[in-house]
Structure formats: C-alpha cells, structure tokens
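Trainee: Chains V and D, in that order, give the protein sequences.
Using this note's numbering, the letters of the first sequence correspond one by one to residues 471 to 926.
Using this note's numbering, the letters of the second sequence correspond one by one to residues 13 to 204.
Calculated from the structure, these hints are not laboratory results.
Keep in mind the model is a prediction, meaning the values are calculated, not measured.
Fair warning: there could be bad hints in the mix.
Non-contacting residues of chain D with respect to chain V, defined by C-beta distances greater than 10 Å in every case (computed) [claimed, not checked]: (1) VAL45; (2) LEU49; (3) PRO64; (4) GLU72; (5) LYS79; (6) GLY97; (7) ARG108; (8) LYS112; (9) ARG138; (10) GLY144; (11) GLU146; (12) THR182; (13) LEU190; (14) CYS193; (15) GLN195.
Selected chain D positions facing chain V (Cβ under 8 Å, derived; list incomplete) [said to hold, decoys possible]: (16) GLU47; (17) ALA50; (18) ALA93; (19) PHE101; (20) THR119; (21) ASN120; (22) LEU161; (23) THR166.
Every residue gets a Cβ at the ideal spot worked out from N, C-alpha and C, and that includes glycine.
Listed here are the chains, written in short residue letters.
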Amino acid sequence: MVNLRTKPDRQPYTFPGFGSEKFPNLMLRGAGDLDNWRLAVYEQKHEGYQALKKALQMAPVEVTAEVKASGLRGRGGAGFLTGLKWSFMPKDTDEKKFTRYVVCNADEGEPGTFKDRAIMEYNPHQLIEGMIIAGWAMQCQKGFIYVRGEFKWMIDKLDAAIQEAREKGYLGKNILGSGFDFDLDTYRGAGAYVCGEESALLNSLEGRRGEPRSKPPFPAQVGAYGKPTTVNNVETLAAVPPILRMGAAEYSKIGSPNNTGTRIFGISGHVKRPGVYELPMGTTLDFIINEIAGGTLSGRPIKAIQPGGASCPFLTVKDLDCGMDFDQLKARGTMAGSGGVMVMDDSTDMVQVTLRLAKFYAHESCGQCTPCREGTNWMQLILERIVAGEGRMEDLDLLTGITPRIGLKTLCALGDAAAGPVESAVKVFRSEFEHYITHKRSLADGPALVSHFAKH
Amino acid sequence: MNHPLHHEHSDRPLAPGQRLPESARTALSDGAVAEILALADRYPDRLAATLPALYVAQREFGFSSLKAMKEVARVLQIPEAHVFGVATFYTMYLKRPVGKFHIQVCTNLSCSLRGAVKLLEQLCERVGVTPGGEPSADGMWSVEEVECLGSCGTAPCLQVNEDCYEELLTEADLDRILEACRQGDVKAWGEV
C-alpha cells in the first residue's frame, strides 16, 4: 500500500511577491498543497512535460548546449556547470556502444538542508521531467533516484509519480513517439551522510558500503555498475524543465553574474519564519534572514550564520550584505553549499555548536581515510573535554593544528566539511572558547545544544 | 559486476568475538524470499539488491540479526561477509531489537537550536528508556538520538518508526504523539 502523507508540513514556502517577475517561482509551484504531486495537476497548472516535448524535438547535443548556455551550476554544493558535466559523458561510436545512466542525488543529509524534499514532495513530476530530459541529452538508458532512507514516504510518492508518468507514456519505450527508451527507478539509502558524496552514492546504489571512490576514473567514465554515469542533485535536475520552457537566454537573466537562475534556500535555526524559499541567486543574506524569515525569533542580535549547511565556515552579522551565490560566498571564506541557512542568535553557545558539528562528522566519517576517521574523533574528544570544563588553553591550538591535517587530505569532501566549521569557529569565536576554558562554563545563556546521554 | 568471491554459507559467526543479539525468527518467509528475488531482478545486478533486501529481512526479523543477514546472503547468493559489511555500515539496519515504537529524535544543529535536547530528555523521562539503550520492559518503547532527519525548517522533529513528526515545540505535542502510539493510531514497528 502506498504510504502518502495526509497532512501538509507546517513550514511556509512562499512570501509576499513570490511568483512575480522579480521573484520567479520556477521550482516550488504549488508547494504546500498535498495534491500538487499528481500528474494531472502538473500538466494542467504548471506547464507539465511541455519542456520534454520541446527537448525531444531537439538533438541531444542541442539540449546539452541549451543547459550549458543557461549557466546552470550544480545545486548540490560544488557549483559545477551542469551542461559541461553532461558533455563529459562518452558518445556512442561505430565501434563502441555505451550503456549510460543518470543518477539523481536525493540523499539530502547535510544538516540544515531540507530543500530537495520540497521538490520531491510537492513537485515530483518536475524532477522526473528533468531526469528524462537529462536522459535524452546524454542518451541514457536508465535513471536512478537515490533517496535517503529516512524519507520512506517520499519514496512511495516518487514511485507513484513514476508509475503515473509511465502510464502516460512519458517513461518506458518510445517516449512520446520519439523512439527514445528511458525508465526510472528509486533506490532507498539506509542512513549514511557520506552517501551524498557522488562516488559513495554510486557504491551504495550498487548495494555496497557507501565509501567514496578514488578519482579518476570519474563517474562519467566509470560510474554506476561500471557504466558512464552523471550524478546531479534534485534541484539541478528540477531546474532543467524551466530552462527549456523559457529558453536559456531568459533563464540566464535571473540571478547574479556567473550565478544564474533561482535557488531554493532552507532557513532554519533562530528565525521567526523558518522555511523553504526560492530566490534569485545573489539575493543578500540580510534580505533572506531579515525580510523573508522575519529576523531572529527572540529579537536578539545574530551571532553566527552557516550559509550553506553544516559544512560551511561561519559568517557573522557583518557579512549580512553578502550576496548568496557561489562566488560571493567563496570570497568571504565560506561556501554556498547546499543552500541551508542556519541562523544562531547571541544566546547560542558556539563551543557547544562546534562540538555538535564535530560529533556529527565523527559519527558520519566512513572510516576509509585515516585523516578523517582519526581527526574527526580527536576533534570531538577535545571539544568534549572543553565542554566538560576540563579544557586547556593549548587545546585551541591543538584543534587548529588538526584541521589542516584533515582538510584536502581525504578522498572525499567530508574531511574538508568537518574541518572547515571547527577551524572557523575557533578563529572567529576564540574569545568564547577561552572564556569556556577559563571559567568552565559558557559565555552565552542559551539552552544546552548537546545532550548529556552517551556518545553515539 | 557481482562480487568476485564465491558465496559461502556456514554457521560460524561472521565477526569472531562479536555477539549480536539473536532473533526469534531463523528463516525468511516464502513471501519475503519472493520479494527479495523480485528486487534482484529490478536492478542491473543481484548485489545491488543488498540494501533493499536487508530492509525486507529487517521487517520480517524485527531487526537486522546475524541470521537475517545470512538469509539475505543465501537468497541473493552473495557472500555473507558482504552483507554483514553493508548491514553494519548503515545506521538504519538496527543490530538490536527495538520497541514497538522506535522513536528517533534528531539532535543535530537546526533541531538543537530549537530545543531538541530538551525534547529528547522529556521523551526519555516519559517512556523510561535511555537513547540507544534497551527497549522499555513492556517492549513498547525505544529511543535513539539520530543525525539530521531533513526537517530543519520544522524543527525540532522526531520519527516514530517510519513516520516523521515535525515542529514539536511543546510538551503537549510530545504527549499527543505518545498517546496516539498507546491508542494504536500509529503503525507499530515492522507493520506495513
């Protein structure tokens, strides 16, 4: 039996002016409405499968060129040009025919990130349409949607939506009379953050432990089941139908230089209106936090912000003028990451925040690379010692001595993700750490952020 | 590509010295075997069915016992060591029995900023168990502290068996969920 949710979640998906020319609604059409996922609604209200019909009239290379021209950059966090990534897939020659796969990364495990689920829950057909177009552009035979295991109900919904698309002839043999055969399947993960890394995801998809692979070979050469594969984030694939509908030239007018289009931001933490909001790339942090999310819940000043999920180095209130796109955030020493903005007001104890994040990475390290496996555990132990009131002043230098020994020294980015926030916390909030060590308690007056129960 | 080694079946423990709790059930039902074989056909190779097959076995056995893992290896004809490695890598394959209502509380940053630690403490006090510990004596409850469940905008959140409950800001919200469990309005662990 299909287990579909019967009550909508309580968070907002919209704000005044959303859907206007200034704030186009390309990916959250109908979000919040439980019936919106159905194929009939998508076709009738949201120009559903129009882009696919257009794409099938074009040559595959033209579709890739269109996506490249739109300037779309991967929304998973790396910000790599999607069209360029697609063009890395090998083409058939007279001597060699390839089996190719397109894989959708719907692992969404980054703490503070909850955007992909909004697409899958309310607009699964837009993702499916995007995957079929990607499949056509790269001439793939099959697509897989790898969804994190906790989202069981969402997988049921995706399966139901895929079945609807199959019955309507959008999937299967000879799609819409074009001669193109393509089908989709879902795959349920089982609770491992590292499987959001594309090569770990591919291992998991093959039924193995989710350990990242050594690159090269890159997935475009040897991907899922040993075949050429492209892995794209949910949001990236869902952006493809709007690009084809409106045309690359129109799409690239949205956003900031070199960072085209809209992006879905998930705002959480100490704000009045946490939720999922779609905004043009480059929108300032100040506008997102203070205008859209209504400022801090308590009205107290902001102390720290992680602009793109738990892996990002911290920003402070002086960075509110920063535009939220890949390049501007990088210039501030942090990352656009997954678009999950976590806001902390001045009651937050940054030492406990750092410990909570270090604990997460120590728990989620796959254990394959020594710097990450050992380093994340050491960081957790040192931070636990400080929080327990047994910290020593030299622990701070010890921490900043460990971080460069993890970052960029591992097969995947989990090591960098673990090192970045710790390094920046000790740098930016050093006085708080010193206070904690000297006085054996926090400078901040907020509630506990780490439970006293046994370690993971 | 399937595993290069031949599959072998023995009654030896897969990890010497490791004592996993034993399950009452010792074999998969015919229905579950058929379900797993259907999964093996769904993906490009048999090995790929390891993860979904482990879910099927976990549902039948109540948790992923050693016997459950061995059964998956037997049905899929893949090495037991591979299945053991996979089952112990992923946190959602539970290596110990859980209560009828297995409650997972996210305490990662977005949730803890909005009171998840307090929620976890209240929950443990209500049902009388510790996170990650044994289920309650009546077999009703078990609690686990987990990493991000992807409901940061509606934090704090918790998951009862396979259903997520969000925006649990008050104790009354928590009590309502526990009461729904007691009344049988929430599916029990393993119930489809």
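Trainee: Evaluate each hint against the coordinates.
Mentor: These are the hints, each one checked on the structure:
| no. | hint | verdict |
| --- | --- | --- |
| 1 | VAL45 | holds, 17 Å |
| 2 | LEU49 | holds, 15 Å |
| 3 | PRO64 | violated, 6 Å |
| 4 | GLU72 | holds, 16 Å |
| 5 | LYS79 | holds, 19 Å |
| 6 | GLY97 | violated, 6 Å |
| 7 | ARG108 | holds, 14 Å |
| 8 | LYS112 | holds, 18 Å |
| 9 | ARG138 | holds, 15 Å |
| 10 | GLY144 | violated, 6 Å |
| 11 | GLU146 | holds, 13 Å |
| 12 | THR182 | holds, 13 Å |
| 13 | LEU190 | holds, 18 Å |
| 14 | CYS193 | holds, 17 Å |
| 15 | GLN195 | holds, 17 Å |
| 16 | GLU47 | violated, 14 Å |
| 17 | ALA50 | violated, 13 Å |
| 18 | ALA93 | violated, 11 Å |
| 19 | PHE101 | holds, 4 Å |
| 20 | THR119 | holds, 6 Å |
| 21 | ASN120 | holds, 4 Å |
| 22 | LEU161 | holds, 5 Å |
| 23 | THR166 | holds, 5 Å |
Figure legend: structure checked against the earlier numbered hints; hints not met, in rising order: 3, 6, 10, 16, 17, 18.
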